[in-house]
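Asker: Given chain Y, put chain C in place with the hints provided.
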Amino acid sequence: MIGEEYRAELDKPAGKRRAAPVQQMAGLLLTVVLIWLLFGRGATAPAVSRPDAPAPRIASMSPAVTDSLVELGLADHVVGRSGFCTAVDRALPVVGDLRSFDAERLAIAAPDVLFVQPPVAGVDPSLRELCADRGIALVERRLDGMRDLAALVDDVAEVFAERADEALRGRLASAREVLATIEAGVAAAGADGSGGRPRIAIALSADPFLFVGRGNYLDELLVSSGGANAVPRDGWVELPVESILALGVDRIVALGASDEAALSIANVIEVLPWRGAPPAIVGATLPELLTPSLAALRGRARLAELVAGEGGER
Amino acid sequence: MLCVFLAGAALLRLAIGPAGGDGGGLSLGFASGAILELRLTAVASAALLGAALSLSGLALQGLLRNPLASPFILGVSSGAGFGVTLALALPLALGLPAARFGGEVVGASAGALAAIVLVGWLGGARRGGDPTTLVLTGVVAGAILSAGSMLVEQLVPFGMRGDLLSWMAGRLPELPSRAAMLTLASSVAVGATLLAARARALDVACLSDEEAASSGVDLARLRFELFVVGGLLAAIAVAYAGPIGFIGLIGPHAARRLVGSHHRALVPASAIAGAALLVGADLVRQAIDLGTGRLPVGVVTAIVGGPAFLWLLRRGRWAS
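Heads up: the sequence lines are chains Y and C, in that order. Using this note's numbering, you'd call the opening residue of the first sequence number 51 and step up by one each time. Using this note's numbering, you'd call the opening residue of the second sequence number 52 and step up by one each time.
Just so you know, not all the hints are guaranteed correct.
Claimed, not checked - Covered, in the sense of this in silico footprint (three residues per stretch, anywhere, with C-beta under 8 Å from a C-beta of chain C), are these stretches of chain Y:
hint, region
1, 146 to 154
2, 172 to 182
3, 195 to 203
Stated by the list, open to error - Simulated DEER-style distance windows between Cβ atoms:
hint, chain 1, residue 1, chain 2, residue 2, range
4, C, TRP172, Y, GLY240, 53 to 61 Å
5, C, ALA58, Y, VAL318, 51 to 59 Å
6, C, GLU88, Y, ALA211, 31 to 39 Å
7, C, LEU233, Y, VAL318, 35 to 43 Å
8, Y, GLU320, C, GLU88, 57 to 65 Å
9, Y, ASP257, C, GLY357, 23 to 31 Å
Calculated directly from the structure, the hints in this document are not laboratory data. This structure is a prediction, so every number in the text was calculated from the model and none was measured. The beta carbon of each residue, even a glycine, is placed where N, CA and C say it ideally should be.
Looking at chain Y on its own, in the form it has when it is part of the complex:
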């Protein structure tokens, strides 16, 4: 224990120990490396990443924003990404994510615009300062529902402004049109009530049981596709088994990024202790629906089929 160690030490003079030979060798090696670093190379500034990327150079710390940019045909403009952005080149520097950032990689990415999805407590003030110092336009956009996606489309239009070519203008207009259709569908469903619509629950995970609640983009896609969300709470809802059994659903759609993921969720739900026959349970591989991005709009038609009881893996 410490006491005995001290007792042995107390008779020795302080600070007079010699380093062991291995430590001396390590120190010598380190010194050589440092001298080489100091005098052998000189000061160098890291190169800007993707120097030939077209303007405006965009960095995104949100997978959903990145997916949306790719969906709008703007992948070439992306010079920095989050670690979860899989739709762009993996060699791009990871400049941060929803909750943290890498100042150095952000500096070498040298974007004109940085898209972030702010966490609960808001954007880190030091990121805001860094952007102000380096002349980076910071665009904060929470992406929860279709209205947020429409605002993101407006953000992109504003970023490109005069630089938007015909093709981009066309894609922006098309996205606005689809988003407006969905919002209109949601409004109409709200006015009609859920009478006569199939009661659908969308499951995203079986461990824990995570379901799509109300007021988010998947709920809006479901409702605008003709279904009624059977989950009575807001957001992303973790449900105990008894609550799942009491949902009174006509159909459960298990969404996954792969066939295995979707089917494993569906299989677990199927063997729950249903009273009588279980409801229709289908697994669907729709990775584009798993982020609140413009790419999700592509999955709308497939979701409508599932709501109508067509297709799905069983």
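Answerer: Showing chain C alone in chain Y's frame:
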């Protein structure tokens, strides 16, 4: 040796960074301008934090006369975590606007300080309480506060729980504010000075209560001072970067192996060892690019510090 290691780690940290260009990867060579400024800030930040954690560990190992004592044994990190979850979750649960970013720091500081006061009061630190009672009080308080954090997490929507959990990984702030750096630097200076001033008493107190008393050391007062210094340094460190493990444990031991057990040499050596270890850990995370973002430094210190600690145990330094 410690100074060479610290200087080496710092210089390598200044020299290694992302390469940029089209290929990504890392570059070796000193940067200039804004990039150099970023790296200098990172080195200073890691060095100060490492020194604070190590000094905290040294104070608590002396207080508890236990080589396994670390800053978090008093429930400081659990208290800070509880404070952060409260600061983030309560406004949401009450339907108020979400806390501003600074809310996390305020929550962490308040939680860590509250944990120290609570553990100190229940463990009888004011009366120079029994070390075993203090440790047990800290462990139990930590467990209760961790359970409190989990309870509060249930109040926030599922998608927002990650905000609470990410804080617990321990991250060096990318661009720390000047006020935060000054607070950390001054607390390290004050803590090191106080410990150095009590070096002789610490030496004697580590032997036995009887020998300390016969040497004229007021043990109750010394223990209270060590509790306050160790606890406050840990609280400030946790508020600054979240819980970062192993530095407070390994730093004092590394220093002890190199300069011996006299606190006159051990106090500055522990500060330097802690600084070197955390700058080294930051260097590792700077050099490792998994393509998924920077590793939290707490993960690096645990992965490197854990085996290092086990190696020290295997060497049987404390077997006696």
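Asker: All hints are to be evaluated individually against the structure, with a verdict given for each.
Answerer: Status of each hint after checking the structure:
1. Given as covered by chain C, the region 146 to 154 of chain Y passes the check, having 9 residues with a CB less than 8 Å from a CB of that chain where 3 are the minimum.
2. Counting residues of the region 172 to 182 of chain Y whose C-beta sits closer than 8 Å to any C-beta of chain C gives 8, which meets the bar of three, so the coverage hint holds.
3. Beta-carbon proximity to chain C at under 8 Å applies to 0 residues in the region 195 to 203 of chain Y; the threshold of 3 is not reached and the given coverage is violated.
4. Range check, TRP172/C to GLY240/Y: Cβ separation about 55 Å, and the 53 to 61 Å hint holds.
5. Between ALA58/C and VAL318/Y the Cβ separation comes to about 56 Å, which falls inside the hinted range of 51 to 59 Å.
6. Take GLU88/C and ALA211/Y: their Cβ atoms lie about 32 Å apart, and the range 31 to 39 Å holds.
7. Distance hint for LEU233/C and VAL318/Y: a CB-CB separation of about 54 Å, inconsistent with the stated range 35 to 43 Å.
8. About 58 Å separates the C-beta atoms of GLU320/Y and GLU88/C, a value consistent with the hinted range of 57 to 65 Å.
9. The given range of 23 to 31 Å is respected by ASP257/Y and GLY357/C, whose C-beta atoms sit roughly 28 Å from each other.
Consistency note: the structure conflicts with the earlier hints numbered 3 and 7.
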